[in-house]
Amino acid sequence: MNQPATDQGSSLAIRTQKLNLWYGTFQALFDIDLDIKQGIITSMIGPSGCGKSTFLRSVNRINERLGYVRITGSIDVMGENIYDPDVELIQVRKQIGMVFQRPNPLPISIRENVLFGHRIHNAGRKTSKSENDDIVEDALKTVLLWDKVKDKLDQKATALSLEEQQKLCIARLLPVKPGLLLMDEPCSALDPKGTEAVEELIWELRGQYTILIVTHNMAQARRASEECIFMLMGKVVEHTETGQMFVTPQHKETSDYIEGRYG
Amino acid sequence: MFEATQLNRKNKTRQRMFSIGLGSMTGLLILPVALIMGMLIYKGAPVISFEFLFTSPTNGMTAGGIFPALLGTVLLVIVALLASVPLGVAAAIYLSEYAPDNWFTRAINLAIINLAGVPSIVHALFGVGAFVIFFKFGTSILAASLTLAIMTLPVVIVATRESLQAVPMAFREACWNMGATRWQTIRSVVLPNAITGILTGVILEVSRTAGETAPIMFTGAAFFLPLLPQGVFDQTMALSLHLFVVSTQVPGMPEQLPFGVALVLISMVLIMNSLSIALRMYLRGKKKW
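Chains as they are written, first to last, in my numbering: chain W, 1 to 263; chain V, 1001 to 1289.
Please keep in mind that the hints were generated in silico from the structure rather than gathered at the bench. Possibly wrong hints are sitting among the right ones.
Stated by the list, open to error - Pair by pair, the computed Cβ-Cβ distance ranges are:
{"#": "1", "chain 1": "W", "residue 1": "Trp-22", "chain 2": "V", "residue 2": "Phe-1134", "range": "50 to 56 Å"}
{"#": "2", "chain 1": "V", "residue 1": "Phe-1135", "chain 2": "W", "residue 2": "Asp-134", "range": "53 to 59 Å"}
{"#": "3", "chain 1": "V", "residue 1": "Ser-1267", "chain 2": "W", "residue 2": "Gln-155", "range": "40 to 46 Å"}
{"#": "4", "chain 1": "W", "residue 1": "Asp-84", "chain 2": "V", "residue 2": "Arg-1182", "range": "20 to 26 Å"}
{"#": "5", "chain 1": "V", "residue 1": "Ile-1277", "chain 2": "W", "residue 2": "Arg-261", "range": "55 to 61 Å"}
Built from N, CA and C at the ideal position, the CB exists for glycine as well.
Take the sequences, apply the hints, and build the full model.
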């Protein structure tokens, strides 16, 4: 089902149609139809188990690794169905960067972490040292980490603070120029100060990258996203501009959740 | 308010009893090791000399040194390592990083565990059948080493697999999610972090290989040879078999000579083991996550 990119399709980062997903016999997603715009930050909120992380993980096909996951419907990313048999998984992973709850820098130096993706996707073509230095500096500057780590690029990344590690995990996605960044509760392992710093960074990236961020933290969704999706029990309840969702939610479930009546 | 009750005192006495009891059991473990080492050093040390280590036996082995046996053991270990390390490490990488969890993989794992439990004399008979006769290597260093390699393969596989699995899954996932292939992940992240454990396994294998007698007895180790081996198709003397020979097979043997041979053998093994522990501590100290 490779749909031709329509005018609307080309400005969409993600379009799902009738997306259903089962873990074994348990259905986690029901008929998800979502159009997520390119170039903005979209957040997904909803109570635990509502399927927001599951959705996120099907957008770069990590879910398949579990083996017992079954999917119907389609997910188009930048106008291409990523479940098409011709799709190369490695390209999917390259074009769609993922940030996890727990920062997961590799146990190598800060510099090598940033260059890792660049190296694996440029095998055979050796890049010069100055080119590599530029890549590292650019990526770390983008994530507001350069000033802090520029003198210790050869230290182990795992020695950084959690906040810095998470920023580094974002930085290492950038050199391969992904079209889409997925973030799965990127601040939930961080303290309030770290959370603030990473949120600030995400907000800085607005406009340069399309970002889809799953969060438990409604304040975060409100501060750091332009559009917001509310999910409940595997279904999309509401998808609208963030300000509007928090001021005048259209559905009772949304307002109940936002006001903290369940969660 | 805070003084001890009857029950407190009873529990405390019992706790003390167990602490002492379990402690002395542990102490008992050291006893045999200490006694063995003590006796070997006491009786064997006077025999050890440069000459003992680096000359051939003379007078029907009742005098002279043990050089051919020492050299033979080193050769046997090296050739065995050349065979078992690549094979064992490759198998462990496959089992840990590639193999799906199905009945076939589980059967292989079971086979490895069983292979570790096969008595060494059975390995010896297998070695005779397979390497000496079928592959026509004759009784030779090659046949004996391959037999040793097969016997110690489980050590390498298990140690390698364990150290691979000690590398946190999160690192692999981080790599995969950036589009790295399995091999790129193994090469750049898994192996560098597992190398300590793999080396430890290899060194443990060395110490085990060096001490074995049964597997080499029929496959390549000789009672006595006037000449040093010239290649892998020659027979060789070996320390472990030499110890057996000088202890039981030669009349008129000076009492201290077998102790000297035993001391050399056990020192080799202990040095190897200490090296492995030191290496592990050194590399672990450098590791951070």
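Those earlier numbered hints the structure runs against, lowest number first | Going through the list in order, the structure violates no hint and respects every one.
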